[in-house]
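Participant: Go by the hints and put chain B onto chain A.
First to last, the sequence lines map onto chains A and B.
All the letters of the first sequence, read from the start, carry residue numbers 0 to 367 under numbering that gives the first Met the number 0.
All the letters of the second sequence, read from the start, carry residue numbers 0 to 367 under numbering that gives the first Met the number 0.
The hints are simulated quantities; they were obtained by calculation from the structure and are not laboratory data.
Be careful, since some hints might not be right.
In this list, chains with the same sequence are indistinguishable; a pair is considered to hold if it fits within one copy or across any two.
Unchecked claim - No farther apart than 25 Å at their CA atoms in a straight line, the calculated lysine to aspartate or glutamate pairs in the DMTMM-like style are these:
#1 Lys263 to Glu247
#2 Lys263 to Glu193
#3 Lys263 to Glu192
#4 Lys263 to Asp26
There are 2 protein chains.
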Amino acid sequence: MGRYDLALIGFGGVNRALAELISQRGDRLAEELGFALRVVAITDLRAGSLIETDGIDLAPLLAVEPGELSFAGLPGGDADPRNEWVIREVPADIVVEATFTNPTDGEPACSHVRWALTAGKHVCTTNKGPVALAGRELGQLAAEHGVSFEFEGAVLSGTPILRTARRVFGGLEITGVQGIMNGTSNYILGRLEEGIDLPTAIAAAQELGYAEADPTADVEGHDVQLKLMILANHVLGADLCREDVFREGISHITPQDVRDAVSKGLRWKLVGSATRRADGTVEARVAPVALPGHHPLAGVSGPVNAVAFHTDLLGTVTVSGPGAGRIETAYALLSDIIAIHQRHHADDDTAPLPRVLQARVLQETHRG
Amino acid sequence: MGRYDLALIGFGGVNRALAELISQRGDRLAEELGFALRVVAITDLRAGSLIETDGIDLAPLLAVEPGELSFAGLPGGDADPRNEWVIREVPADIVVEATFTNPTDGEPACSHVRWALTAGKHVCTTNKGPVALAGRELGQLAAEHGVSFEFEGAVLSGTPILRTARRVFGGLEITGVQGIMNGTSNYILGRLEEGIDLPTAIAAAQELGYAEADPTADVEGHDVQLKLMILANHVLGADLCREDVFREGISHITPQDVRDAVSKGLRWKLVGSATRRADGTVEARVAPVALPGHHPLAGVSGPVNAVAFHTDLLGTVTVSGPGAGRIETAYALLSDIIAIHQRHHADDDTAPLPRVLQARVLQETHRG
Chain A
0 MGRYDLALIG FGGVNRALAE LISQRGDRLA EELGFALRVV AITDLRAGSL
50 IETDGIDLAP LLAVEPGELS FAGLPGGDAD PRNEWVIREV PADIVVEATF
100 TNPTDGEPAC SHVRWALTAG KHVCTTNKGP VALAGRELGQ LAAEHGVSFE
150 FEGAVLSGTP ILRTARRVFG GLEITGVQGI MNGTSNYILG RLEEGIDLPT
200 AIAAAQELGY AEADPTADVE GHDVQLKLMI LANHVLGADL CREDVFREGI
250 SHITPQDVRD AVSKGLRWKL VGSATRRADG TVEARVAPVA LPGHHPLAGV
300 SGPVNAVAFH TDLLGTVTVS GPGAGRIETA YALLSDIIAI HQRHHADDDT
350 APLPRVLQAR VLQETHRG
Chain B
0 MGRYDLALIG FGGVNRALAE LISQRGDRLA EELGFALRVV AITDLRAGSL
50 IETDGIDLAP LLAVEPGELS FAGLPGGDAD PRNEWVIREV PADIVVEATF
100 TNPTDGEPAC SHVRWALTAG KHVCTTNKGP VALAGRELGQ LAAEHGVSFE
150 FEGAVLSGTP ILRTARRVFG GLEITGVQGI MNGTSNYILG RLEEGIDLPT
200 AIAAAQELGY AEADPTADVE GHDVQLKLMI LANHVLGADL CREDVFREGI
250 SHITPQDVRD AVSKGLRWKL VGSATRRADG TVEARVAPVA LPGHHPLAGV
300 SGPVNAVAFH TDLLGTVTVS GPGAGRIETA YALLSDIIAI HQRHHADDDT
350 APLPRVLQAR VLQETHRG
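Only chain A is shown next, with the shape it has when bound in the complex:
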């Protein structure tokens, strides 16, 4: 059975959840997927770096509270993250980038990705920065070095939006996309419909852990803007910069606006939309829209996210699911690793299937 050695860059919620998945159900996953996963390096701004080329024992690390984790005293440990050295030099097959999103220039994550790809290592990431701001360049760099650059989790956490567009829409022309891609603002709009005012709704979202202390990125549409760039560039083949994407948040929507909409059967949603124009270019905008009840995004409530794909032969196909969450986002990384395996190391027929399907195929093969 094959094995992938991983270097985890950033050990916050998401990569920690991936480590939990590997530690707690690695054997079961290996049986299902046909490959094992081993973590050989972890770096983190606060905890430092930890390298063990024979595989890090994850359970003891996961037993320590996140804020108290320090690699400095451990064998192979260092107080310094040493990101460039770890990414370039430690023998890993896949670099898993999950540091913070920098919406201005994507750094230092962009450099992390570049170092890894240039060193001939596959990269998967949940970090919107590098994908939205340098996705095309990094994709070309990956192609030049014969490796993969995967980023399903950068849009709707584990809900498979990008991979759905690539894998099950063959023969269709996607003419446009519309998405509810920020659970915090969607939750807040739902509370406004209940008659609560904006500051109270934001406070409630913060209490539930949906909103950050500074809710600007969620409420003013900056987060959706980056996700829409990724979606439009990947699914519609656009090449959008931030300046190309009109952005308006939900902060100016009044309780009266919401009441008026509800009385007309409409629901306000913060919608990111991208449409192919007649000349082939793509128009993209983030703005609150009062959607009619029958619109496929109108019923998407609370923290749920969704993307509607408008197509030539099928009309609209909509995929909804979680848009955030530690485990959900870690699953996106796992799905990226599966995609890397399928592309580089597996025949089409051995592509991993959900467990029951695999059992059934085996059964059929044996019977056959």
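Facilitator: Just chain B now, with coordinates in the frame of chain A:
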């Protein structure tokens, strides 16, 4: 460039729409998909059979009104459909089965599929009968003969439900599924919410072409029962017969029931659901359910269909889209053909991508 020769069994709405796609945009599709499609045989209960191993010229056939089409006078034509002979003997790569659904024993479609698979031909079908009633046997027969048996269109027409479960959920455990899988009954329930009584709502559905002259299969849940069997058997690895699936239609729901539900924020939907029990077996039932507003299926209105997948790591992921339509269902057949190509004749890297993506990858490769 490769080419697939098709034998179309049944020339009603769906296979006719597939012939239109091939006739009208075959060149564009070939460029995108990397293979050409050619129809070498058509059989139909009323029109007879038509065989032209160098490829049938489709445009003249499509210019004739469906009811007036007769192959008897044409070169290679015959008044007799001669299904068994055509399926077994005409040199086709793929047999496309789109005759009527027989919900009792699946015939004659089951025999059509068996003849084709035994002759070493791939089969794709939109016919619920063979898939729901003999899916496992036919899947094994296909495996024995080294060919594919594909049936995406048997559940939600072109909306990619089965392929989503197989291709983008690797590493997940699907614990259950719930679906709105009949647009007619969903439309009727919507009209009941508007205060219209059942007979009037059924008449409206018939006028719009949603409901048949005899609406029993749609209204009493027989159609959903077959689709749920396909979904549960395929996605949860169950082995359900019709007797295993409890079925209750919507005909006993009163306007008062609907008003009561609406007043509590609930919406009646005809839901097909399958859940894995603790012992590994699968419980499946079709019944009207009053769903709370935040349920992912509650907002699915009119003729739209949807399936919610409940999973271990991602919670619920829902896919919605058309559940019927000539072109939409013909697209399901095209997506089946693409799947056959990917499995048997393509490297992973040459898997067809939506057009813009392909253009972009080519561009990236050239730049690289």
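Participant: Now, for every hint given, state plainly whether the structure supports it.
Facilitator: Hints, verified against the model:
{"no.": "1", "hint": "Lys263 to Glu247", "result": "within (23 Å within a copy, 34 Å between copies)"}
{"no.": "2", "hint": "Lys263 to Glu193", "result": "both (15 Å within a copy, 15 Å between copies)"}
{"no.": "3", "hint": "Lys263 to Glu192", "result": "both (13 Å within a copy, 17 Å between copies)"}
{"no.": "4", "hint": "Lys263 to Asp26", "result": "neither (54 Å within a copy, 46 Å between copies)"}
Hint violations for this structure: number 4 only, all remaining hints satisfied.
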